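**Q** This is what each chain is made of:
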Amino acid sequence: MTPELLDGLAWCVGGAVLATLLFIVIGLIPGTSETATIAPATLVVILLGFPPAGVLGFCLAAVAAKHLVHAVPTAIIGIPGDNMAIPMLEPSAKLRALGLPHIALQKMISGGVVALLVSVPISVAIATLIAPFGDLIRAWVGPIFALVGLALAFTSRGRWASVVLFVPYGIAMQALNGVATDLNRGQGLSITFMLGMALGPLFVDVLTALSPVSRDRLRAAGPREIWLAPEARIWSGRLPLPWAVLTAQQLVYVLLTSVVSAITFTFTAIGMTFLVGSIVQSRVKGFYNRMTTALSVMNATTESTYIAEILVPLVAFGLPLSPISLTVGLPLFNAPPVYSTEPLHNLHSLLSAWQIGVYGFIAVVLASVITYPIVMRYARTASAWVMRNVAQEAVLSMFAGLVVVLTYYEGGPIGTAIGITVGILGGTLNKAVGFEISAQMMAYFAAPWVVQTVFGRA
Amino acid sequence: MAEPQRLVNIWEDTVDLRHLLIGLACGSALGFTSYVLALRAFTAYFPGETPGLIKGYALMIGIAGCVMAAAIIGTVFKPKRVFRDTDEGPIDRSTMIRNLALDPDEERRALETASPKLIREMQELQVYDFFVDGSRSDPR
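Note that the protein sequences, when read in sequence, are chains A and B.
Numbered according to numbering that gives the first Met the number 0, the first sequence spans residues 0 to 457.
Numbered according to numbering that gives the first Met the number 0, the second sequence spans residues 0 to 139.
Don't take each hint at face value.
[Stated by the list, open to error] Okay, the calculated bits of chain B under chain A, using three or more residues with CB under 8 Å as the criterion:
(1) 57-65
(2) 108-120
[Unchecked claim] Taking lysine to aspartate or glutamate and the EDC-like style, the derived pairs with C-alpha atoms no more than 16 Å apart in a straight line are:
(3) A:K284 - B:E11
(4) B:K77 - A:E224
(5) A:K284 - B:D102
(6) A:K430 - B:E48
(7) A:K284 - B:D104
(8) A:K430 - B:E105
(9) A:K284 - B:E105
In short, the hints are calculated from the structure, not lab data.
All values reported here derive from a predicted model rather than from experimental measurement.
Yeah, the Cβ is synthetic: ideal placement off N, Cα and C, and Gly gets one too.
Next comes chain A alone, as it looks inside the complex (with noise of 0.2 Å):
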């Protein structure tokens, strides 16, 4: 071994242990964005000095500790760990339902963890065999969103109800979304349409009871009783093992999405958890098995989209060319004075790709050795201390704030009142022919193109 490699691998198992603890903490806070807090992390320790091992490190153990341990409040008090998390909101909350918010938590890590593993070498891979075709992939995006997202409404609850809604609903996104770049004069808003149409079926409710003339349909004869699963060892052998938590399928599907989302790596991270979560949705049989294969697969995919989406252009081109580099994986690219994408001066340059493989490898085998014990062992205790301790008006409360902070964030007054809009619509349309929120969001994804398509003007 030289002394530059040992001194890297030094780097990198010092930058991903203290982005690991850094980030078991911060993931713990639900709502916290990805990129409001791992990009300026990342940007604190490039400019501290930290050579280049040290900084791919720290960066991709950020990303995957934070993406273990946003599971936690996501199963087991409903809050959305941060933006990824809300995809599974909806099929953690059924499985709450059901007394096992620890085994969704469980399932949950698991899948991230096989998730991680395998997508370090697939995504290095992957930038060496496709990269050149990296714009047309692009193109395809919203097509695929359409197809997908009319199959979907076809198998959700809503049937040829969701089928019809798909444009209309786009539309009305499309319009909201309109508005809200006119009078910002700006970018568009996309996470404000996620906690909308996330927090729809809250939204309706609270209306509902607000209104003398439908709160009945809502009044309890008494305080709803909760049952909590006991603490079962669903793996074989003495210490859980991520692959022998999941099922065969359940292995399978999180394989697959892994290398997927290594080839899709243009596509939004979030639209694509969406897709995977609907797809398993519609394919497997069985609740139990549904709900705790979607939450794996879901997982692993907040967690291979971010590893693909930021190692296959630092690999293939050295350029932020997805959404992630874009925001979250930023300064792995550009961090002036450091790094620079004209001159390419960054970790592509500073780093081969064989070097790019291990460093990354190391970084997410330290975050997942460390978090993961730790959060299979508590699972249970924790859920038992929330269901007997925190009461719903204060976890809703915590929402109503996100809800309010984040849209006023992302797009200032109108940015809320968009948020509370969809969420009423989309909510109603839910709740009354079964509109689901999965459909729903590939009706937004697939709105720009489809709109395009079908009413613009050549």
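Guided by the hints, dock chain B onto chain A, whose structure is given.
**A** Relative to chain A, chain B alone:
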């Protein structure tokens, strides 16, 4: 403290409507004020910093405000749900199946083709019988 006639079911759990409305107002107000004040303060104290970074830091404070609101509401109002641990006996399972809007026959059919590992897992968690018995005792 909680009046029975004010109990409503919101998002799969029971709340006292008045407590909920106080909570929602408190959460929105505290979150919003913390964000806006932090944004003002940071913009005034760090004039040279990029606006994006300042907004990011203000967001942290805003979220801290939300967490604080939840902590206050959580201390003042106690949970309305009744928590049953595993050994305290099961609750009415057919209600649970109905609440989740599942088709009992479809559930039973799905279990017939499920893998042995999955069935063992469900049995260990004591939810296997939910889907087998729950469908039989269902009055439909």
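**Q** Checking against the hints above, which ones are violated?
**A** 3, 6 and 8
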